[in-house]
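Protein chains in written order, with full-length UniProt numbering: chain V, 1 to 249; chain W, 1 to 249; chain P, 1 to 357; chain Z, 1 to 357; chain G, 1 to 182; chain Y, 1 to 182; chain E, 1 to 73; chain R, 1 to 73.
Just so you know, not all the hints are guaranteed correct.
DSS-like, lysine-lysine: derived pairs with alpha carbons at most 27 Å apart [unchecked claim]: (1) G/Lys83 x P/Lys3; (2) V/Lys189 x Z/Lys41; (3) W/Lys192 x R/Lys67; (4) V/Lys9 x E/Lys70.
It should be emphasised that the hints constitute simulated quantities derived from the structure, not laboratory data.
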Amino acid sequence: MITVFERPKSLTSAKTHYCPGCTHGIIHRLVAEVIDELGVREKTIGVSPVGCSVLAYNYFNLDMQQAAHGRAPAVATGIKRVNRDKVVFTYQGDGDLASIGTAEIIHAAARGENFTTIFVNNAIYGMTGGQMAPTTLLEQVSQTSPQGRDPSLQGYPIRMSEMLATIDGAVFIARVSVHNPQEVSKAKKAIKKAFELQQAGRGFTLIEVLSTCPTNWGLSPREALKWLADKMIPVYPLGVKKTPEEGEI
Amino acid sequence: MITVFERPKSLTSAKTHYCPGCTHGIIHRLVAEVIDELGVREKTIGVSPVGCSVLAYNYFNLDMQQAAHGRAPAVATGIKRVNRDKVVFTYQGDGDLASIGTAEIIHAAARGENFTTIFVNNAIYGMTGGQMAPTTLLEQVSQTSPQGRDPSLQGYPIRMSEMLATIDGAVFIARVSVHNPQEVSKAKKAIKKAFELQQAGRGFTLIEVLSTCPTNWGLSPREALKWLADKMIPVYPLGVKKTPEEGEI
Amino acid sequence: MVKVLMKGNEALAEAAVRAGCRYFFGYPITPQNEIPHYLAKRLPEVGGVFVQAESEIAAINMVYGAAGSGARVMTSSSGPGISLKQEGISYIAGAELPCVIVNMQRGGPGLGGIQPAQSDYFQAVKGGGHGDYRLLVLAPATIQEMVDLMGKAFDLADEYRNPVMILGDGILGQMMEAVELPSEDLSLKIPSKPWATTGAKGRTPNIINSLYLDPLELEKHNLHLRNKYEQMRQESMGETYKTEDAELVLVGYGSAARVAKAVVDQGRARGLKVGLFRPITLFPFPKDDLQKACRQANDVITVEMSLGQLIEDVRYNLEFKVPVHYCGRVGGMIPTTRDILAKIEVLANLQGEGEKV
Amino acid sequence: MVKVLMKGNEALAEAAVRAGCRYFFGYPITPQNEIPHYLAKRLPEVGGVFVQAESEIAAINMVYGAAGSGARVMTSSSGPGISLKQEGISYIAGAELPCVIVNMQRGGPGLGGIQPAQSDYFQAVKGGGHGDYRLLVLAPATIQEMVDLMGKAFDLADEYRNPVMILGDGILGQMMEAVELPSEDLSLKIPSKPWATTGAKGRTPNIINSLYLDPLELEKHNLHLRNKYEQMRQESMGETYKTEDAELVLVGYGSAARVAKAVVDQGRARGLKVGLFRPITLFPFPKDDLQKACRQANDVITVEMSLGQLIEDVRYNLEFKVPVHYCGRVGGMIPTTRDILAKIEVLANLQGEGEKV
Amino acid sequence: MLQEIILAGFGGQGVMSMGQLLAYAGLEENKYVSWIPSYGPEMRGGTANCSVTISDKEVSSPIITEPNTLIVLNRPSLEKFEKDMQPGGWLLLNSSLIDLEPQRQDVNVFKIPSVDIASEKLNNSRVANMIILGAYIQLIGAVSLESVVKALKKVLPEYRHDLLPLNRQALELGIELARKVL
Amino acid sequence: MLQEIILAGFGGQGVMSMGQLLAYAGLEENKYVSWIPSYGPEMRGGTANCSVTISDKEVSSPIITEPNTLIVLNRPSLEKFEKDMQPGGWLLLNSSLIDLEPQRQDVNVFKIPSVDIASEKLNNSRVANMIILGAYIQLIGAVSLESVVKALKKVLPEYRHDLLPLNRQALELGIELARKVL
Amino acid sequence: MLKVEFDEDRCKGCELCLEACPKHIVSMAGHLNAMGFHPATVLDQEKCISCGFCARMCPDVVITVRKEEKENG
Amino acid sequence: MLKVEFDEDRCKGCELCLEACPKHIVSMAGHLNAMGFHPATVLDQEKCISCGFCARMCPDVVITVRKEEKENG
Ligand SMILES: Cc1ncc(C[n+]2csc(CCOP(=O)(O)OP(=O)(O)O)c2C)c(N)n1
Ligand SMILES: Cc1ncc(C[n+]2csc(CCOP(=O)(O)OP(=O)(O)O)c2C)c(N)n1
Ligand code: SF4
Ligand code: SF4
Ligand code: SF4
Ligand code: SF4
Ligand code: SF4
Ligand code: SF4
Ligand SMILES: [Mg+2]
Ligand SMILES: [Mg+2]
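Excised from the complex, chain V in its bound form (with noise of 0.2 Å):
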């Protein structure tokens, strides 16, 4: 028997704090099996925000720092021009990255920082409690949206990756989900290009990752996959959202 299914090496054999269904452990997973693949667990940095994946430093098995709510990117640009030779990414949360951190990501695009962004759009602050987000879709009722949210008082959803799109530093911008196994294989290449990229030194990779937040949604783990494929994604569509031109790589 060969095994073709385990734990990647990059991830630590520590229970997470997740709840039951959350895809937060889906896209950790990726991120770490991406990792192994590639060979560089020992020259991988990462960059743990403030949301429910602040303690992603305990699941990773890397180098790692956490990073004040939405300072991700300005952190993770400390690290790369310290590190120029190691692989750096940041993992955060829609409320870290659209929200708070929203200068930061843009700038280190701008700047074409070389490094790996992982996006969880979960359209939610799970950490806190199920507060609206940038990315909280019209009529979704939340803590604090609670006639659910409407453009006229809440303003409209942000699409990060087609904004991020518009900047000439970032290489490659894509939108995956992993709402399913063939969407989950997805993600991982689309991760792992961004990987690559970064190694290649070409600058600024971005992966916005749909993801589920079932317990703020109030939805079992099951419903709110078929959540996030049915209300989610004509928000925010899937795909390559910026590529270097073809035969550049």
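Guided by the hints, dock chains W, P, Z, G, Y, E and R with the ligands onto chain V, whose structure is given.
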């Protein structure tokens, strides 16, 4: 004889502290003319930034608030939410709006805040003596890009208008220039349209105005106009980047 | 009015509404999230506005704009978020705008933890932001007091045109206690604000500003502010409990003072002459009341949930006339009556010995 | 070595380079802009990196990342920018990372002005950010001292794994003075940093973190930090000038101390027994040296460019044993020798009268 | 009288509202009461708990480190809190879900298969908590049945007041069970 | 000896480097020196100024509120600073550009049409400042000609050392002019 | 060795694996694990095609999947 | 009244008006104004077509432009 051109009422008679030939002065005047023409001087509240135009509160004959560096859109949000029937605008430089205030402008746009931003892009930090701005051109020399802006060290210029045009809450985004009388007229029309859309309660409007900084560009005022036309416009193409669908207004 | 059980954060939010607050700008952070949650529902009911800002920085600057337009407005946060607001707070103080800022303290530094602490004392009372400015700082110890001080906070803010901070902690925010709310006074008198930016209709323009390029002008402005801070002294408040004959006085504020109060009774039960002084305003510090409360004291102990911050102000305000000792827990730990009693007994013994010499 | 004339900001920047600093992250603000201007040119020459961050917040968090990776790294700013860094500074202190932060103070609050001031004293020494932490704070009074303290700052930062602040002001940043630079020591010994994140090659992962969800753990961490701060006391430094027989001691730091020093000579020329105590470390405050310097003093005057901040620490550290008076200018104004002499003479007269009674 | 109660169970088991009910009942009797939840980024489905104080005097800290009453609805909660109990206190446990034996010999233990009883006797497993609360009333006597019922009226929204009789029944069942033990 | 000099003129007139040269010359003579510019968002083309202290003692504050020497190159500067001068001090003014008469009777005034002289005598208006500096050397004697020339060598980049003779000539011309006055 | 193996004590009972399995052979056990969840399990190992879908969807890295080695190669 | 009038003391001598004038009639005066600039001026008022270009480009609102009223209208 009829007067075809004189000082608008919405400007005070104070002499400005701007350097000779600095087009901040032209842009001030255009905003004041529009306010005069719309007859809203007594119901307009302006927000001045931190930058060369910090003292705009001395030049506009209006109720004004002076905002912290980059935070004018947040201040304007506070003002407009209290004064729903008033006209509110911010006046911001490129360091203010495109660097430290990136998050504030993007989220004011995303919330569709019903005010108007006059964004003065002169590709430099004027007030602090000529440091690189996010909008500084590649190869442009500044105090903090002494060898000329090199994308591998300092990244790429940001096109804020194009980026903001991806945001649903923004209704009208245009880039104009003031390097000759024709463009000045067009700039005024764009500003007027933005204010009118605000009065109609349509949401966030922004006019990016390409402007000169002869002092920190190291050029005479007339050379500066030429540099703007020859060097800046190719990187920052003029035009409407987003507008409400035809017929909607 | 009947007493109801309410969570501290919610009671505080409702009290703000009843004090005429119609604008809230904030950003989520534990342990104060029930304030935005409550107000997101409640403010629209009274024609007010709730905005979840993109960050604490945006929130405090929205407060600046709204306060400059004459509204009763507040924001709330905790540790890291309050740090981010420091520039904005300094601007608000510099531009002399009235508003209320709530800090439900948690353990630090850095991300720290989310359990109750009092580690932001200095930041609140000495001015964590740049420049010579002060906040009025109110420190409730019960939910009832939190509610009562909320009304007071808005009044003081308007009176002095100065930001007022309510310095609570995770306990006060999260716990439920019986509380009596003030009535919804529809004829609430909010002072008129002729300086506010509302559009210069029929008057010269109003300017909200903190910039004074001429140093002589800025000095004048600073001296004006200092006068105001001096004036504020008259607002200082403190509570004394059994200090008349107290040979040992505990000093603590907020949640820590609750524990200290219980210790007074337990200590007295053991025959120790213990009393409590509880500052209610932390700035201005109730110096005279403290000195009076410690008149008989041989020793003073500060009970605090910080590494020794309050103790500096207590020593300072007692002018080193009485030895002041520290008894505290930090990082989310709460001093227990046992901790404090133990400390008291050590002192009592020492003193006994001291007297023998 | 020969002395050269250098602008304070540039001398400081060059001294940082010679102390092994290879990374600078900052954002423009007057009156410290010559630091980034200089380093934008200089750092690439020595294989270092200069990044103009998008904001002060980004800058301090870049410092966090670089410091966590083991580099000698610094940032600099002034008033409003330093306020914005408070959250980041608290994180750096919490995660115990070494770095140097420069504050070239200007007048506040809010946008204030851009002329020299010392109004950020409390923010620097009491911790303007949240949580119980302290910075080591160094206050040079000359450009030479600024250069000398820069090397010291990096060493102390590494030794204590703590952020060190250099608290200057617009005068020290903008003026030129003669200065002797340390040699470019290519064999500079920077301590090894086995805790840094460099990729977990052949070892268990390193984690840079300030989060401790368990309050007992966070308390432990806080107590560890407190021990460190206690340890730092041994680093306290102060300068005395003619205090041996001084009946009146002036206390001031930085630029204000320069003026005070001139006053000592002028006062002595008039037959007054005046001396100066100048704290060089503001945290830890050189308490013993201060007390020693004031042994003969009937009066102490703080000379400060703030509304009365230093005075609180001076009183505290003198334990109210000597009356302490205030003599200051604010908002960008500089105390003149005339101001101070006038104050001294008032005191001298009062005392004369006092003695008659 | 000083009752320091910790109530703990899985997230969805209703320990929070049970605690609030107790606090409200104390308030009905003009006692000083406080309630405080544990809060933190603990895994949902993990342990949730709250602390309730009912006292004749002002409540010092609402955070309880050594409860004199512990009400646990699941096994991890028992494991977590048992060791902190004051000697002589009461430990009430939901034996329908907890198969573990308590370790402490110096506390009084009362096991109630509350879910089973609720299902069997009242045909509604959702009032299991009320049975435990009934037992608490009987065993400790800190609040009366009437106070709890009054509190329920306040806590339940008007349109659900039809549930009051059922809840009262459950409370009485708990009282009955506990009475047998004493 | 305590020289507190304010030098002021339009932005482009070179007052800043003139001040630095003076400070350097003082340093050559092992004096305590300081130099500090005015800084602020003043309009370019407006008034720029710097303060130079040359002293036998440590410099207290480099910011000068009452200069004993004032060197002004344009009219607004004269208007701005004249009133602050110490009585008995020296006021040197560039009369090529300043048509205004000084008001103060209690200071010594020396007017030099430096631009005209530089153009006429040296065929190079750019060394006008050096003529004024020469006058300063002669009138006040705080630093010597040799020190200023040494300082120039340090301040000028190597490849422009060919300008040294011309500058020396200008300095000497200024000395000469001032000598006649005394 | 089993084709599909569950590290039962890590399972949070979220059922994502159950949803993902093309062979519908994943079920939730009747008992509770140490964390208090009904853990997922595969009873009919025979039917498993080692596609790994279950493991790919498991957020908690509970599942190891193995394949029979082909006879040749 | 002049067609094009300069508030001389506000002029900063930037020459933007000079550059803008289609009739090339704006010139810089030989003297300095109070701020120390050579102010702009139009000597040949006759040639002015009142197009306002100069005023539109002036950052310092120095210029007032007037037009002769048409006889009819
Ligand atoms: C400066 C600061 N502000 C706010 C918080 C509180 N906070 C912690 S996590 C979080 C939101 C996280 O949401 P998101 O980034 O979407 O991550 P998720 O939990 O959804 O994965 C917030 C606001 C904080 N810790 N620091
Ligand atoms: C928080 C803060 N950071 C930095 C500064 C210093 N500062 C003042 S103006 C300015 C840049 C202004 O540039 P820009 O916005 O482009 O305006 P311009 O002067 O070019 O019109 C900076 C960095 C400040 N006042 N406050
Ligand atoms: S709260 Fe939401 S995002 Fe956070 S762990 Fe739970 S399910 Fe995941
Ligand atoms: S510095 Fe530049 S932007 Fe500022 S006033 Fe002068 S020319 Fe204008
Ligand atoms: S490996 Fe495939 S077939 Fe086997 S249990 Fe998992 S999902 Fe089902
Ligand atoms: S996906 Fe993983 S955690 Fe969820 S039920 Fe299956 S094995 Fe358990
Ligand atoms: S109005 Fe037109 S024609 Fe007349 S001076 Fe001005 S630009 Fe020239
Ligand atoms: S554009 Fe205005 S300021 Fe410039 S030269 Fe002409 S009139 Fe003078
Ligand atoms: Mg999220
Ligand atoms: Mg600019």
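Now for the hints, and whether the structure bears them out:
Between G/Lys83 and P/Lys3, the direct Cα distance comes to roughly 36 Å. Violation of the 27 Å bound is thereby established for this hinted pair. With a C-alpha separation of about 41 Å, the suggested pairing of V/Lys189 with Z/Lys41 is violated against the 27 Å cut-off. A C-alpha spacing of about 25 Å is found between W/Lys192 and R/Lys67, which places the hinted pair at or below 27 Å, so the restraint holds. Between V/Lys9 and E/Lys70, the direct Cα distance comes to roughly 26 Å. Compliance with the 27 Å bound is thereby established for this hinted pair.
Checked against the numbered hints listed earlier, the structure breaks hints 1 and 2; every other hint is satisfied.
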